[in-house]
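Colleague: Taken in sequence, the protein lines are chains L and H.
Everything in the first sequence is counted per the numbering used here, starting at 1 for the first residue and increasing by one.
Everything in the second sequence is counted per the numbering used here, starting at 1001 for the first residue and increasing by one.
Derived by calculation from the structure, the hints in this document are not laboratory data.
Keep in mind that the hints are not guaranteed to be accurate.
The calculated label-pair distances, taken between Cβ atoms and stated as ranges, are [claimed, not checked]:
1) H/1075 / L/392: 25 to 33 Å
2) H/1152 / L/237: 21 to 29 Å
3) H/1046 / L/131: 47 to 55 Å
4) L/131 / H/1153: 43 to 51 Å
5) H/1123 / L/321: 17 to 25 Å
6) H/1082 / L/376: 38 to 46 Å
7) H/1046 / L/183: 23 to 31 Å
As the structure is a prediction and not an experimental result, all values here were calculated from the model.
All residues carry an ideal CB built from backbone N, CA and C; glycine is no exception.
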Amino acid sequence: MDRHVPAWPQEGNSRVPYRMFSDPDVYRAELDRVFLGPTWQFLVLADELPAPGDYKTTFLGETPVIVTRGADGRVHAMVNRCAHRGNLVCLKHQGHAEALTCVYHSWSYDLDGNLKSVAFRRGIGGKGGMPDSFRLEDHGLRKLRTDDFAGLVFGTLSPDAPPLADYIGNLIGARIGRVLHGKPKILGTTSQILHNNWKLYVENVKDTYHATLLHTFFTTFRVSRLTAGGGVLIAEGGGNHASYTRGKHDTVGREGSDKLYADIQSMRDGLRLADPRLLDSVEEFGDDVTVQILSVFPNFVLQQINNSIALRLVLPKGPAETELQWIYLGFADDDAAMTERRLLQSNLVGPAGYVSMEDGAVGGFVQRAIVGSENECSILEMGGHEHASQETRTTEASIRGFWQAYRPLMGL
Amino acid sequence: MELGEVVRRLEIESLYAEYGHCLDADRLEEWPDFFTEDCAYRVISAENFEAGLPLGIIYATSRNMLVDRVMALRRANIYEPQRYRHLIANIRPLNGTTWQDDGTGLDLSANFIVVRIMQDGAASLFATGRYVDRIVRHDGAWKFARKDAVLDSRQIDTLLAIPI
Ligand code: FES
Ligand SMILES: [Fe+2]
Chain L
1 MDRHVPAWPQ
11 EGNSRVPYRM
21 FSDPDVYRAE
31 LDRVFLGPTW
41 QFLVLADELP
51 APGDYKTTFL
61 GETPVIVTRG
71 ADGRVHAMVN
81 RCAHRGNLVC
91 LKHQGHAEAL
101 TCVYHSWSYD
111 LDGNLKSVAF
121 RRGIGGKGGM
131 PDSFRLEDHG
141 LRKLRTDDFA
151 GLVFGTLSPD
161 APPLADYIGN
171 LIGARIGRVL
181 HGKPKILGTT
191 SQILHNNWKL
201 YVENVKDTYH
211 ATLLHTFFTT
221 FRVSRLTAGG
231 GVLIAEGGGN
241 HASYTRGKHD
251 TVGREGSDKL
261 YADIQSMRDG
271 LRLADPRLLD
281 SVEEFGDDVT
291 VQILSVFPNF
301 VLQQINNSIA
311 LRLVLPKGPA
321 ETELQWIYLG
331 FADDDAAMTE
341 RRLLQSNLVG
351 PAGYVSMEDG
361 AVGGFVQRAI
371 VGSENECSIL
381 EMGGHEHASQ
391 ETRTTEASIR
401 GFWQAYRPLM
411 GL
Chain H
1001 MELGEVVRRL
1011 EIESLYAEYG
1021 HCLDADRLEE
1031 WPDFFTEDCA
1041 YRVISAENFE
1051 AGLPLGIIYA
1061 TSRNMLVDRV
1071 MALRRANIYE
1081 PQRYRHLIAN
1091 IRPLNGTTWQ
1101 DDGTGLDLSA
1111 NFIVVRIMQD
1121 GAASLFATGR
1131 YVDRIVRHDG
1141 AWKFARKDAV
1151 LDSRQIDTLL
1161 AIPI
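When you get a sec, could you build the whole thing from the sequences and use the hints?
Modeller: Dropping the structure here:
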């Protein structure tokens, strides 16, 4: 950031000026420097495009992108902007096509974005048409680099992004691999419009401190304890993280009160779920980790809450608006009981999720509260000032890690 | 139209009217009573519904799960004060079925519009869609054995707390 933005507070990553969440100049700069910069962003699941010609549209930040399965069987991605005069090439959210043809003047591209034909290129009756100097090969769609990690296809427009496996890193890569242990099967999708800056949602995802405080469902119905073991893994560079909770998978009707929660009213009331089947989970990953929330900088989230698995993509839609897309997964070899278990557990997450609905609103509350306080700062000192892995969830280390990765990209 | 069918239609009209009024009046504790004990209730996007994807934004397979949903809204979940106003109309038998009751129930479709009103008075068109329902006669009253609230849009503004 060059333009009249004050220097970052001397406390470093443990202070964040509120203007970072509302300033249109900051937003404009990060579309270029973060989303079109040297970062990898989730595009599709490889299995969403099984056959050559299958395509889907998505975004790098606000830049529209087409993702295809090419005739060569590989996944390709291009900016969804016609090389002629900038029209959207693909209008549908997803579909199947032999070629990508722009509706405006019928310029047509192959599935990897090379311009193959221009309507009336030679004119009509010897009149009009393109000059001889016009070469099709100079005017393809702008291509992204794409790469696949455990069936997740990521893309970048930057030649400077390191190879995807290095960008994700071994620490976090192994935590993706443990969740995506089979051929994925999509159970459904949903989307939320959040009235807050995209970074407020990303901070929330990385905020292991708030989980049992903002979301009281598990404690109200006595199915979890803050004292359950857990921690947060933070990749070198800070941007990627995985938080985890250890526990047992027989949480239904857990008895015995916990001293930490002795003062919570519902514990004394003995509230119980009338039908606790949505908490009936099975050990699936072989490691007693009941919850793992993982992020890859800047805007990808992989969630495992018991047997509920979902991908989340955080798409910026303006300084104070964000679309949060969810893709819920099972695996091809799930039996009917496992699918039903995942569907019931999906009540925990999403727009109406018992332990996630607050996340849809809290960013908007912050967004409303910071108006007029753009030069004041939030405090991120839980767990110290570093952004290294910790064996506790009562820490904001992973949020500091986000800013550690973000600031150099923005020159802040 | 035979008299039995006229009566049945009026009863069903009233069932939907009462259902909407119950939610809009914040009488959430009474909402599970509109369902059978082993009911299925989902809020699902049309996109998922039409693609045969089972995922519900809310996915319940018993009346007790609806009781739990209300308990969570009252005791556990945190959301800004808000109300709904349901408009439910165009009730008719699902394609291929009739108003006749052969004793096993009726398959119905009805359109809904839900306006959400926040505490500051801001009202917005929160949801539109259709119910795809099965109702059965139970102890002299119609109950929902299955209710899918199929949302036209895939996008939910902020969050969905109160059921549709
Ligand atoms: S803008 Fe696409 S063909 Fe003209
Ligand atoms: Fe949360």
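Colleague: May I ask which of the numbered hints given earlier this structure violates, with the numbers listed in increasing order?
Modeller: 2 and 6
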